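Engineer: Given next are the chains, with one letter for each unit.
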Amino acid sequence: MHELSIVASLFETLLDQAKAYDACEVTRVRLKVGLLSGIVPELLESAFDMYKKGTIAERAGLDIEIVPVAVHCRSCGAESLREDFVLSCPKCASTDFEIVQGTEIVLERIEMDIEGPSSQAGG
Amino acid sequence: MPAKEVIVLQDLLGTNKKIASEIRVELGKRGILAVNLLSSPGAGKTTLLEQIAVRMKGESRMAVIEGDIETERDAERIRAKGVPAWQITTGGACHLEAKMIGRLLPAVDPGIEYLFIENVGNLVCPASYELGEHIRLVLLSTPEGDDKPKKYPKAFTTSDVLVLTKADLLPYLPFDIDKAVGEARDLNPRLRVFVTSAVTGQGLDELISFLRRSAEELRLSHA
Numbered sequence: 001m002h003e004l005s006i007v008a009s010l011f012e013t014l015l016d017q018a019k020a021y022d023a024c025e026v027t028r029v030r031l032k033v034g035l036l037s038g039i040v041p042e043l044l045e046s047a048f049d050m051y052k053k054g055t056i057a058e059r060a061g062l063d064i065e066i067v068p069v070a071v072h073c074r075s076c077g078a079e080s081l082r083e084d085f086v087l088s089c090p091k092c093a094s095t096d097f098e099i100v101q102g103t104e105i106v107l108e109r110i111e112m113d114i115e116g117p118s119s120q121a122g123g
Numbered sequence: 124m125p126a127k128e129v130i131v132l133q134d135l136l137g138t139n140k141k142i143a144s145e146i147r148v149e150l151g152k153r154g155i156l157a158v159n160l161l162s163s164p165g166a167g168k169t170t171l172l173e174q175i176a177v178r179m180k181g182e183s184r185m186a187v188i189e190g191d192i193e194t195e196r197d198a199e200r201i202r203a204k205g206v207p208a209w210q211i212t213t214g215g216a217c218h219l220e221a222k223m224i225g226r227l228l229p230a231v232d233p234g235i236e237y238l239f240i241e242n243v244g245n246l247v248c249p250a251s252y253e254l255g256e257h258i259r260l261v262l263l264s265t266p267e268g269d270d271k272p273k274k275y276p277k278a279f280t281t282s283d284v285l286v287l288t289k290a291d292l293l294p295y296l297p298f299d300i301d302k303a304v305g306e307a308r309d310l311n312p313r314l315r316v317f318v319t320s321a322v323t324g325q326g327l328d329e330l331i332s333f334l335r336r337s338a339e340e341l342r343l344s345h346a
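Taken in order, these protein sequences are the chains called G and X. Taking my numbering, I'd label the letters of the first sequence as residues 1 to 123. Taking my numbering, I'd label the letters of the second sequence as residues 124 to 346.
Please note: incorrect hints may appear among the correct ones.
As the list claims (entries may be wrong) - According to the in silico footprint, chain G covers these stretches of chain X (three or more CB under 8 Å from chain G): (1) 126-138; (2) 207-214; (3) 217-228; (4) 246-257; (5) 270-277.
Unchecked claim - In silico BS3-like links for lysine-lysine, alpha-carbon gap of 25 Å or less: (6) X:Lys204 x X:Lys180; (7) G:Lys53 x G:Lys32; (8) G:Lys32 x X:Lys302; (9) X:Lys127 x G:Lys52; (10) X:Lys127 x G:Lys32; (11) X:Lys127 x G:Lys91; (12) X:Lys274 x X:Lys180; (13) X:Lys274 x G:Lys32.
Honestly, the hints are just simulated from the structure, not real lab data. The structure displayed is predicted, hence computed values, not measured ones. Note that CB positions come from ideal geometry on N, CA and C, so glycine has one too.
Take these sequences, add in the hints, and give me the full structure.
Structural biologist: Right, dumping it as structure tokens:
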């Protein structure tokens with residue numbers, strides 16, 4: 001249940017960005033979450049909905065792209081997806097590999113409106 | 124009304140990773156080997172540290188940071204072995220973060236050679252947070268069952284060492300060591316494995332020898 005910590009970190013960046021672009025509303029947030037990230041997408045969604053209340057992202061939608069695990073083999077150079085959690089090279093069976101994707105928790109992009117819905121003068 | 128799309132591509136664990144790598148460098152320069160212990164509650168982290176304390180006594184100096192949701196109990200157990208210990212109570216949080224460790228670093232005595240960090244008992248969340256450790260050690264106790272590595276893959280893919288604990292109970296449990304170790308190594312072929320028992324002492328000298336070699340290598344790499 002560390003999804004709330006992740007969402008807290010997300011909101012730090014999100015609010016900074018919204019301020020930097022003078023946004024009046026954040027409409028959509030897109031995340032990339034690796035299958036080996038240890039994150040449960042449903043919990044992330046609940047945490048996001050809880051956290052966004054009363055913020056500029058109150059009505060924002062959340063998209064989560066799930067990223068499969070891929071390994072790069074240092075022996076034969078092949079890059080392969082591994083969906084079975086057997087982390088070795090499927091081409092040459094080498095166990096000298098690095099995980100190149102599937103562990104990430106990345107805030108990919110933020111969509112925002114940069115002018116108020118009813119543009120009021122003054123202020 | 125104009126819409127704006129901002130590509131951010133920010134690692135949401137990036138701040139923690141940055142603090143962790145600063146801690147790792149600082150401890151390395153000070154010649155302190157940091158070990159982060161992960162496991163579910165009750166796997167025997169504190170007991171393992173007590174056993175290490177008894178065996179290292181008079182030879183090497185160690186200190187312990189204890190992470191728990193509540194109580195000073197674990198730190199008290201470690202202090203009772205004559206080892207300095209700090210308790211971090213997270214008040215509900217399920218894992219330790221690097222900044223919590225960073226705050227304690229000035230208090231770690233210069234003569235310390237090993238800093239053990241006992242994470243909150245939880246096989247899920249602590250796996251996502253580096254604490255500046257040089258070695259991550261995951262414990263799996265035999266009563267938990269041999270099926271845990273694949274159920275909690277991140278703890279096993281990110282660890283350097285697997286310590287199977289409570290091996291003295293093997294005669295009474297349907298725990299298949301080959302299955303547990305095999306599945307853990309499917310996830311992480313470089314995992315070192317120690318089969319231990321705090322009751323019989325099995326495997327503890329081997330684990331301590333490994334820690335000593337690792338500390339020596341760390342000091343040589345900073346010499």
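Engineer: Work down the list of hints and note, for each, if the structure agrees.
Structural biologist: Tested hints:
Coverage of a stretch by a chain is defined here by at least three residues with a beta carbon nearer than 8 Å to that chain's beta carbons; for the stretch 126-138 of chain X and chain G the count is 12, and the condition holds. For a cut-off of 8 Å, the count of residues in the stretch 207-214 of chain X with a CB near a CB of chain G stands at 0, and the three-residue condition is violated. Look at the stretch 217-228 of chain X against chain G: 3 of its residues bring a Cβ nearer than 8 Å to a Cβ of that chain, three or more, so the hint holds. With a threshold of 8 Å between beta carbons, the proposed coverage of the stretch 246-257 of chain X by chain G holds, since 5 of its residues qualify and at least three are required.
For the stretch 270-277 of chain X, the proposed coverage by chain G is satisfied: 3 residues have a C-beta within less than 8 Å of a C-beta in that chain, meeting the threshold of three. For the given pair, lysine 204 of chain X sits about 9 Å from lysine 180 of chain X by alpha-carbon distance, which is consistent with the 25 Å threshold. Restraint check for lysine 53 of chain G and lysine 32 of chain G: satisfied, since their Cα atoms lie roughly 22 Å apart, inside the 25 Å limit. Distance restraint check for lysine 32 of chain G and lysine 302 of chain X: the Cα-Cα separation of roughly 32 Å exceeds the 25 Å cut-off, and the hinted pair is therefore not satisfied.
A hinted pair counts as satisfied when its Cα atoms are at most 25 Å apart, and lysine 127 of chain X with lysine 52 of chain G qualifies at roughly 19 Å. Taking the CA atoms of lysine 127 of chain X and lysine 32 of chain G, the gap is near 20 Å; set against the 25 Å cutoff, the hint holds. Restraint check for lysine 127 of chain X and lysine 91 of chain G: the C-alpha separation of about 44 Å exceeds 25 Å, so the hint is violated. Under the criterion of a C-alpha separation no larger than 25 Å, the hint pairing lysine 274 of chain X with lysine 180 of chain X is inconsistent with the structure, at around 37 Å.
With a C-alpha separation of about 22 Å, the suggested pairing of lysine 274 of chain X with lysine 32 of chain G holds against the 25 Å cut-off.
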